[in-house]
Structures are given as C-alpha cells and as structure tokens.
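*Asks:* One letter stands for each residue in the lines below.
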Amino acid sequence: MKNRLIFYALITFSFFACDYTSYPQGKALYEGQCSGCHGLKAEGFRELYPPLTNSENFRKDPYNTACLIVNGLEGPLEVNGITYDQRMLAIEGLTDVQITNILNFVADEFNPKVPTPLNIDLVNERLEKCKNDPKVY
Amino acid sequence: MKDNWLFIIIIFFGIGCTAPDQQDPNDQTTIMVDGKKQLPILGERKIVDGKTVFHQIPDFSFINQDSMVVNNATFKDKIYVVDFFFTSCPTICPKVKKQVLRLYDEFEKEPRLQFLSHSIDVKYDTQEKLNSYGKQLGISSDRWHLVTGVEDEIFEMADDYFIAAHHDSDAPGGFDHSGRLILVDQNRHVRGFAEGTEPESVTKFMGTIRMLLDEK
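If you read the protein sequences in the order shown, they are chains A and B.
Just so we're aligned, residue 1 is where the first sequence starts under the numbering used here, counting upward by one.
Just so we're aligned, residue 138 is where the second sequence starts under the numbering used here, counting upward by one.
Worth flagging that the hints you see were computed from the coordinates, not collected in a lab.
Any given hint could be a false lead.
[As the list claims (entries may be wrong)] Derived pair list, reagent style DSS-like, types lysine-lysine, alpha-carbon separation capped at 30 Å:
no., chain 1, residue 1, chain 2, residue 2
1, B, 174, B, 272
2, A, 41, B, 232
3, A, 27, B, 232
4, B, 215, A, 41
5, B, 174, B, 213
6, B, 260, B, 246
7, B, 260, A, 131
8, A, 41, B, 235
9, A, 41, B, 174
10, B, 260, B, 174
11, A, 27, B, 235
Just chain A, with the same shape it has in the complex (with noise of 0.2 Å):
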C-alpha cells in the first residue's frame, strides 16, 4: 500500500518535473515555425497575429490548419472581437507526419477541448483538398 502511494507520487511528480509534452516533435516544429508570431505559449502579438489557445476556429476544424500551414492565409480574420489582417505566409517543405505533429502539440498543449490524436491520414485527406483549390478550408 504504502509502496504503491510512492510510486503514483514519483509518476506524478515525474510528469512535473521535465518539460511534458507527449509531442516532441511537434513542440520543435512550433517553437521554430510559429512561435516567432503566434508566441511561445500561443498568446498571440498584440493584433498582428492572433492567439492559438482555445481557438474556435481550431476546435471546430483543426485539420483547416494544415492547409493553412501549406497554403499560407490572408485577408481579415476575427478572432475573439479582434479583426487580424497579416498575412501568414505558406510554410513549405513540411512532410505529412510532421504537419500532423504540429496539429497535435497545438491542440494538446493549447486546445484541450480539441481531442487527441489528431489523425494522419484525416489530415493528408485534407492536403489533398487544399492543394489544388487554396480557397477550400
């Protein structure tokens, strides 16, 4: 009894103590693809770029980010009250695995009413839509 407190205290504690993200890669790739504007924890820049944490937009269709990602937007967009109009530029080179582990740090570290795992093969589904026609989100 006494052995099975500790151990569920050291795995608890254990989850504390380092940087727990059950997305690495995901996390690496935000960190240096997003960050710069969306800001490390996804608070968003003043209203050049808006926030990523608890997003709307993103729980009620979180696979729209990887045409987003890969086609880049534009135009005004609101977010909480707030009309955006940067532009996002296309970011290229991204395999499918990867643009599904950004998907996923996102809406695990950001978005927990979004649930995870966020599927491959829904997002090259997707990609496949988004690619000939950038308008389709």
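Assemble the complex: chain A is given as a structure, and chain B must be docked to it using the hints.
*Replies:* Relative to chain A, chain B alone:
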C-alpha cells in the same frame, strides 16, 4: 642621399600618426574622452583638409505609414533607432519588433528618441499595409516610422547602417536580413547597435541610448 631617406621616414611617420583609426562597425566599446566615457563613432574615417571626417548617414527620403515624407530633416536634433523588416516575415522580425516595442515603451517620455523601421518588401508592404501594421502593433507615427520607398534606395541605406539585407529565395519569406538595431545620433553618425533578436542585448542597448541622450 641619407637625408632623403630620413625625409621619407619622417613623412611616413607623420602619416602614421595623423591617420585616424578606422572604427570597426562591429565594435562599440566605449572610449575615454577627457576622462569621460563616450560612445565611439562607428565606420570608416577619412582625413579631408586635415580634419577627420566620420562615416555619415547620407540623404534619404521615404514614405511612412501615414503617407508622410520621412527624411533626414525628420530626425533633426533627434537620435533614432533603425531596423529593417517586412510585415509577413515569419522568423526574426516578430522577435525584433517585440524588442523595439520594449524600447518604445521604455523611452515613452523621451521625445528626442525616434524609431525608423524600413520595409525591405516594397512590393507587398504598401503604405496601406504599413498603416494597418502600425495600428495593429499599436504604435504612433509621432515616434515610430514604418517606411517604404524605392527598393534599391532601401537596400543601399541598409549598407550605410551596416545592416545586411538582400533578396534570397532560400530564406523564409524571400529575404535574408539581420535583426540588428542601429543607433544614430543628431549628427547622422552611427553610435551603437544591438542584436534585435536577443533581449539581453537590447537591455544593454537601453544603456547605450541613455548615454547618447546624456551627451552634449
């Protein structure tokens, strides 16, 4: 004959003694002048008519986010901080802008300090685009100018500020440029710099700016 040699040696020494040191644009170590610490004047030096002529920012004329002309006269009796960016830049610019914003807030009550950000993406960053960028960043053109102009002239100015900036299709967003911030005094001399991507470097830079403000 012997005298001739002596003469040449004397001339040689003479030049050696009066030619001023060049100041490496990457070295901003303070110097002592009359027992007081001072910021160096960065860049090349020449002797003209027996006087030292320092590297000076040439004439320029650009348009800012409120469609006003920004030129050397804009910064008369002022000092200013310079950077180069573009609005859709994904990697270094947002970091640099956050740091310039720190300076903008820190020196809020110092009307003698101005900011000048050049867009190097003249095609996309129109005056309207810069206007919305300035608004969304929450800054005023009273103190912080976001300018556009003739592309070649902007790239040439980058050289004069010792900042690397050029087209590069391999770089994110199509431009390769450094995130350096440059400090210019009221005589158009470059007096210091910071790495705009590094918060600690910018904290030090605040001291550099104060030193220049205190100069007279």
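*Asks:* Hey, residue 27 of chain A versus residue 232 of chain B, does the alpha-carbon distance stay inside 30 Å?
*Replies:* With Cα atoms ~18 Å apart, residue 27 of chain A and residue 232 of chain B stay inside 30 Å; holds.
*Asks:* Between residue 41 of chain A and residue 232 of chain B, does the CA-CA distance stay at or below 30 Å?
*Replies:* With Cα atoms ~14 Å apart, residue 41 of chain A and residue 232 of chain B stay inside 30 Å; holds.
*Asks:* Take a quick look at whether residue 215 of chain B and residue 41 of chain A sit within 30 Å of each other, Cα to Cα.
*Replies:* violated, 37 Å
*Asks:* Within a Cα-Cα threshold of 30 Å, do residue 260 of chain B and residue 131 of chain A meet the stated pairing?
*Replies:* Cα-Cα ~26 Å, so holds.
*Asks:* Checking one constraint from the list: CA of residue 260 of chain B to CA of residue 246 of chain B, max 30 Å. Satisfied?
*Replies:* violated, 35 Å
*Asks:* Against the 30 Å threshold, does the CA-CA distance of residue 174 of chain B and residue 213 of chain B hold or violate the hint?
*Replies:* holds, 25 Å
*Asks:* Is residue 41 of chain A close enough to residue 174 of chain B, meaning Cα to Cα at most 30 Å?
*Replies:* violated, 41 Å
*Asks:* Residue 27 of chain A and residue 235 of chain B were given as a pair; does the straight-line alpha-carbon distance stay at or below 30 Å?
*Replies:* holds, 22 Å
*Asks:* CA of residue 174 of chain B to CA of residue 272 of chain B, is that 30 Å or under?
*Replies:* Measuring from Cα to Cα gives roughly 39 Å; hence the hint is violated.
*Asks:* Starting from residue 260 of chain B, check that the Cα of residue 174 of chain B is at most 30 Å away, please.
*Replies:* With a Cα-Cα distance of about 44 Å, the restraint between residue 260 of chain B and residue 174 of chain B is violated, given a limit of 30 Å.
*Asks:* Taking only the CA atoms, is the gap from residue 41 of chain A to residue 235 of chain B under or equal to 30 Å?
*Replies:* Distance ~15 Å between residue 41 of chain A and residue 235 of chain B Cα, so the pair holds.
When each numbered hint is compared with the structure, violations occur for hints 1, 4, 6, 9 and 10.
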